[in-house]
Amino acid sequence: MKQNVIDIAYVVSAILFIYGLKRLQSPATARKGNQLAAIGMFVAVVATLFLQEIMTPVVMIIGVVIGSGIGVYLAKRVEMTGMPELVAAFNGFGGIASALVAGAEVARLMAPNAAYTGGALFDGFAAVTISLSLVIGMITFTGSFIAFGKLSGRISGNPISFPGMRLFTILFLAGTIGAVVWMVMNAGMFPGVGNEPVVQAAIAIAVAGAVLGVLLVIPIGGADMPVVVALLNSYSGIAAAATGFVLDNTALIVSGALVGASGLILTNIMCVAMNRSLLNVLIGGFGGDSGGGPAGAVSSEGKTVNSTTPDDVAILLSYASKVIFVPGYGMAVAQAQHAVRELADELAKKDVEVKFAVHPVAGRMPGHMNVLLAEANVPYDMLFEMDEINGEFETADVAVVIGANDVVNPAARHDKSSPIYGMPILNADQAGTSIVLKRSMRPGYAGIDNELFYNSNNQMLFGDAKDSISSIVNEIKQL
Amino acid sequence: MLENLIVFILASIIGSEVISKVPQTLHTPLMSGSNAVSGITMVGALVVAGMVADQWAMILGVVALVVATINVVGGFLVTDRMLQMFKRKE
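Heads up: the sequence lines are chains A and B, in that order.
For the numbering used here, add 749 to where a residue sits in the first sequence, where the first one is 1.
For the numbering used here, add 10 to where a residue sits in the second sequence, where the first one is 1.
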């Protein structure tokens, strides 16, 4: 009877998760959606806590209270610019939790007293699901924390590798599979034989997964992090689902599948937006932090760029009828989003039509720019996706590129030798005038020169984006 | 076991259908919110740590419970913080 109530509670929470995610289809309903999902989680947890026969409810409640305290602290404290690394860290927590539950299940099934195991047997199927849960959970854990390190600048954003690394990774992968086979082979024999081989195999699998997570993420450059974060997001879901198979628990399977699907879709969107295959991203070695190669590594071949001043830009913008802003990672680094919003407000006062064009991979995680601009109070209906706005650049008087680079490089359209050839770009070059705010002429993460900079209708505004925009705003106010 | 596999496949299909319609502007909240959902592992941790008196199962389970709770509570809260910033033009 109690089990039936628990099962019904799990179905209710699954329904709430699905409807919650569905409401994320529009910014107007999204907040409600997130709350629905949270209620779903509450239902599942409360049903388990009070209906499942838990021997030590006090310990469990203390655990929940401690975890909640830390979660609240982290969620309240984070700055919006720190969001990519926080999401990565939370992913990591999800991964390790799944691996730990699988480990606990091994301990339970291996317990010397049959009363502990509830008669459950450690069969081949259990061995496979436990292995999957351990491996994926540990990869998610260490991979996410490497991503966390790269995103927060604690580890270099440049691809890190050493000679023979790929071979090393393949060997580790083979070793992991070997450990899984070892566990499965020993599983069937239990009970009756010593349990050491199974425990040793479990530990070996967990360690191998942890090393693999590190090996898989360190060779990937900072600018490819949107793909990595989305993929790890998917892993955390798959790990939870695998744990659901281990425990024969529907709530975990359904939620894990939802998250796994979500992460995979985002990963795919990111890859398409860079015109690269997932394998190509994962092999890594492509690009580092903003700035890419060393300054001056790319010869400008005698081409000249026009540079401009905030005063001139102020005049140009205030007499324009339509302006499109193109934000990129550089805007986040310079923390220029509030200044940009102010500029947009000033222009709106002068009846200039202002729009924002956001490339899918701008920033360090999917939707990064949108969150920063929302924080700066830019209404979301001023933000447009690439396909919606690309046709409008032709009719815009000015395109202002703030800290974006490769996503506006026209070479992606026609230069077959370019590493970014084929990547869909924003047509900033088609605007009457394009203004690029940049610290210097250093190339973007792809390490290549940007043709846009040398166009005759392009002007460079060198300097810190936030300072430059603030000067433009002051100038416009005086006009 | 087949039942579980069917549930997994159906949930994946529903997830794909629902999530592929989420606009780019909400991709970050989608990630952090779905990440919080993956903290459902806390239910697993409760089950495994609560059911048995085995010491190791208990220790691993309680640690899992704490980290999964961080994931759940932190994830939903931070998503809420982000989503309340998304506003329409007045």
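It is worth saying that the hints were derived from the structure and are not from the lab.
Some clues are possibly wrong.
Chain A regions said to be covered by chain B (calculated; three or more residues, Cβ under 8 Å) [claimed, not checked]:
#1 772-782
#2 808-822
#3 847-855
Note that the Cβ used here is the ideal one computed from N, Cα and C, for glycine as well.
*Check each numbered hint from earlier against the structure, then list the numbers of those it violates in ascending order.*
none
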